[in-house]
Amino acid sequence: MESIPYEHGLILAAILFVCGLVGVLTRRNIVFVLMSLEIMLNACGLAFVVASSRWQHAEGQVMFLMILTLAAAEVAVGLGLIIQMYRRFHTVDISVLNEMKG
Amino acid sequence: MQNWIGLLPAFPLAGFLLLVLSRGRMTKTVAGIIGAGSVGLSFLLAVMISIEFLNSGAQPFSKTLWMWMQVGGLDTGFTFFLDGLTLVMILIISGVGFLIHLYSTGFMADDPGFARFFSYMNLFVASMLVLVLADNLILLYLGWEGVGLCSYLLIGFWYDNPANGYAARKAFVVTRVGDTSMAIGLFLLFSQLGTLNIQEILLLAPTQWSTGSAVAVAASALLLGGAVGKSAQLPLQTWLPDAMAGPTPISALIHAATMVTAGVYLIARTHILFELAPSVQLIVAFVGLATLLMAGFTALMQRDIKRILAYSTISQIGYMFLALGVGAWSAAVFHLLTHAFFKALLFLAAGTVILSLHHEHDIFKMGAMRRRLPVSFWCFIVGSAALTALPFTSGFYSKDAILLAALDHPSYGMLLWVGGVLGAFMTALYSFRLVFVVFFGKSHYEQRDTQQHDDHGAVVENTSPAMFFPLLILAILSLFGGLISVPVDAVFANGALHEEAHASQFLHALMILIPILGVMISWLLYGSLSYEKAGAHLRKQLLVSPLGGLLNRFWFSGWGMDKLYQTLLVQPFLALAQVNRKDIVDLVFNSLSYVARFANSALVLTQTGNMRWYAISLVAGLVIVIGLGVWR
Numbered sequence: 000m001e002s003i004p005y006e007h008g009l010i011l012a013a014i015l016f017v018c019g020l021v022g023v024l025t026r027r028n029i030v031f032v033l034m035s036l037e038i039m040l041n042a043c044g045l046a047f048v049v050a051s052s053r054w055q056h057a058e059g060q061v062m063f064l065m066i067l068t069l070a071a072a073e074v075a076v077g078l079g080l081i082i083q084m085y086r087r088f089h090t091v092d093i094s095v096l097n098e099m100k101g
Numbered sequence: 000m001q002n003w004i005g006l007l008p009a010f011p012l013a014g015f016l017l018l019v020l021s022r023g024r025m026t027k028t029v030a031g032i033i034g035a036g037s038v039g040l041s042f043l044l045a046v047m048i049s050i051e052f053l054n055s056g057a058q059p060f061s062k063t064l065w066m067w068m069q070v071g072g073l074d075t076g077f078t079f080f081l082d083g084l085t086l087v088m089i090l091i092i093s094g095v096g097f098l099i100h101l102y103s104t105g106f107m108a109d110d111p112g113f114a115r116f117f118s119y120m121n122l123f124v125a126s127m128l129v130l131v132l133a134d135n136l137i138l139l140y141l142g143w144e145g146v147g148l149c150s151y152l153l154i155g156f157w158y159d160n161p162a163n164g165y166a167a168r169k170a171f172v173v174t175r176v177g178d179t180s181m182a183i184g185l186f187l188l189f190s191q192l193g194t195l196n197i198q199e200i201l202l203l204a205p206t207q208w209s210t211g212s213a214v215a216v217a218a219s220a221l222l223l224g225g226a227v228g229k230s231a232q233l234p235l236q237t238w239l240p241d242a243m244a245g246p247t248p249i250s251a252l253i254h255a256a257t258m259v260t261a262g263v264y265l266i267a268r269t270h271i272l273f274e275l276a277p278s279v280q281l282i283v284a285f286v287g288l289a290t291l292l293m294a295g296f297t298a299l300m301q302r303d304i305k306r307i308l309a310y311s312t313i314s315q316i317g318y319m320f321l322a323l324g325v326g327a328w329s330a331a332v333f334h335l336l337t338h339a340f341f342k343a344l345l346f347l348a349a350g351t352v353i354l355s356l357h358h359e360h361d362i363f364k365m366g367a368m369r370r371r372l373p374v375s376f377w378c379f380i381v382g383s384a385a386l387t388a389l390p391f392t393s394g395f396y397s398k399d400a401i402l403l404a405a406l407d408h409p410s411y412g413m414l415l416w417v418g419g420v421l422g423a424f425m426t427a428l429y430s431f432r433l434v435f436v437v438f439f440g441k442s443h444y445e446q447r448d449t450q451q452h453d454d455h456g457a458v459v460e461n462t463s464p465a466m467f468f469p470l471l472i473l474a475i476l477s478l479f480g481g482l483i484s485v486p487v488d489a490v491f492a493n494g495a496l497h498e499e500a501h502a503s504q505f506l507h508a509l510m511i512l513i514p515i516l517g518v519m520i521s522w523l524l525y526g527s528l529s530y531e532k533a534g535a536h537l538r539k540q541l542l543v544s545p546l547g548g549l550l551n552r553f554w555f556s557g558w559g560m561d562k563l564y565q566t567l568l569v570q571p572f573l574a575l576a577q578v579n580r581k582d583i584v585d586l587v588f589n590s591l592s593y594v595a596r597f598a599n600s601a602l603v604l605t606q607t608g609n610m611r612w613y614a615i616s617l618v619a620g621l622v623i624v625i626g627l628g629v630w631r
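In order, the protein sequence lines correspond to chains A and B. Take numbering that gives the first Met the number 0: the last position of the first sequence gets the number 101, and nothing is skipped along the way. Take numbering that gives the first Met the number 0: the last position of the second sequence gets the number 631, and nothing is skipped along the way.
A portion of the hints provided could be inaccurate.
To be verified - In silico negatives: residues of chain B with every beta carbon more than 10 Å from chain A: (1) N2; (2) I32; (3) D109.
What the hints assert, rightly or not - For the chain B half of the interface with chain A, some residues (derived, Cβ under 10 Å), not all of them: (4) K27; (5) V29; (6) S209; (7) T210; (8) A213; (9) V214; (10) S503; (11) V603; (12) W612; (13) A614.
Said to hold, decoys possible - Selected chain A positions facing chain B (Cβ under 7 Å, derived; list incomplete): (14) V21; (15) R87; (16) V91.
Simulated from the structure, these hints should not be mistaken for lab results. Quick reminder that beta carbons are idealized off the backbone N, C-alpha and C, glycines included.
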């Protein structure tokens, strides 16, 4: 079976990562920021999987499983915070919430 | 009995501890018994020790209680040394001290700080005994500083009044100048001789130093500095008149009988060092002469009964310094003894006057108190007679000895003698001025607080036994104390400068007549009723004339010494402090905090609260770090 060259996988991961990063940097809605973060995490996961298939090692896939659980936990906490935030400030726009100035 | 010598200061020290630890919860009776009783026990022990000492041929004796510190070549023990000089001192301190303690139980009876007063007094007596018993200079210095501390505490005893606190600080700071000089003197002695044991120093010094060598001059001059500070001689005398802010028994005990004579004791104790430095010894004589004349003139102008006595104390210690300066060591100690009697008597009598007149100090507001205060009157007569050195009183014998010794001085004999006799004339003038103004003439006393209870305003002399008995004993001693012979010849034997009277009959007669002349002039000016008007007129004329007024102000202010020090030392220091208000050294440390604060304010700007800004910074940092890794 002709395998997909690992460069393709890595390029895809990089594209996904940059997409996520741009989303984190430009989005004002905190829900979208959270989603962009998820994309970045998954881009990292993809890079791990590609690397593990390249070197025929299992650690990369184990790492991906860990990232997966981490992301699930992060989303649970993050969404909880977002709900609290909305209740308190009636907004999900992070550029409004800049009271923590030095 | 001599083995119990350590108990001498231990009794008052125990009294001090008991009184301090009771924290004022004792009744006044108990506090008085502990306070006066502990000193009384010391006196009894001192008497027993003296009897044994004199019976056993006056052999010097020393006893080490325990080692205090052993560092390198320095072995300092709690070692007490007893010889004739120490014996005289411990008898004065515990004896006169006991009488004054007894008097204080009556004098301070209404004071809320009764127990505190006696605790300080006991601590003072303990320190003073350590001072005179010490066999090494470090232990002596311990007592020296101890009495300074007690003096400070007791001058500021009535601390409600800020002026008293100021006087206490002044006394402490001014004597500190002398103490520093003395401490440097001790360092010098130790570095040169390798010991601070007094007897060893006195043995070693003549073998190692030649007469007039620089080291001997420096060491004795530095010790003289300490003595001058403690004994209120020129130029450090300014603290003593202000020290009168304390209760009167304090002035009697500390500022007349004992502590201020510590300087005389120090010089007498280390007399061999002074004999090795004739130039310094001459300075001692002239310091004494200048002080006794200056203080005499100043006493003549004072209005405050206690300040007159304070200046008279300075003047009498001037006589002691004069005696020390001409090598009449035993005459100095003898005058120290008689002065302790009559000056304590005068101060205690003044205390009775002040107490009876409800803390009135101005002698020109008294007058004609002779019938209303008979006990004080007779005490003042006896004390002033002894102070003036009228014939056959105690002061006569001691002052006579000093003046004759001064006359014997090889080069400046006549000058010192004339100065001393002039001082004696001044003494007669100011002491009987005090007597005549207070006890004769017309009464100028007005009861100040008319709202007070009736029996508070009246002049009632307190003649409780506790106050009467000490006055009686001291009066007897002032009259007949001249018959005591001080057993100090053995101490000063190696001085070999024994004073023999070489004066002619004429000079003798002059020395007797001049004080009597002074008393008579004083009577004409201040006492006699028939001359009252003329005297008052003359006084007024003198005050109105420009020179007289100037001299009056000049002498009243103690020759402007206070003002001089104020302008020379205090004000420049205050100005410097004003300039240096922000401490220059602190600038270094403050600059550190400025840098930290500036960096902080710069970094604070990065905390915008905007989350995307943080994310961008994070990414930028990441890019930079990776970029560095790739392109390196």
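Verification of the hints:
| no. | hint | in the structure |
| --- | --- | --- |
| 1 | N2 | holds (78 Å) |
| 2 | I32 | holds (72 Å) |
| 3 | D109 | holds (67 Å) |
| 4 | K27 | violated (67 Å) |
| 5 | V29 | violated (68 Å) |
| 6 | S209 | violated (78 Å) |
| 7 | T210 | violated (79 Å) |
| 8 | A213 | violated (69 Å) |
| 9 | V214 | violated (69 Å) |
| 10 | S503 | violated (98 Å) |
| 11 | V603 | holds (4 Å) |
| 12 | W612 | holds (9 Å) |
| 13 | A614 | holds (5 Å) |
| 14 | V21 | violated (10 Å) |
| 15 | R87 | violated (16 Å) |
| 16 | V91 | violated (12 Å) |
When held up to the earlier numbered hints, the structure conflicts with 4, 5, 6, 7, 8, 9, 10, 14, 15 and 16 and fits the remainder.
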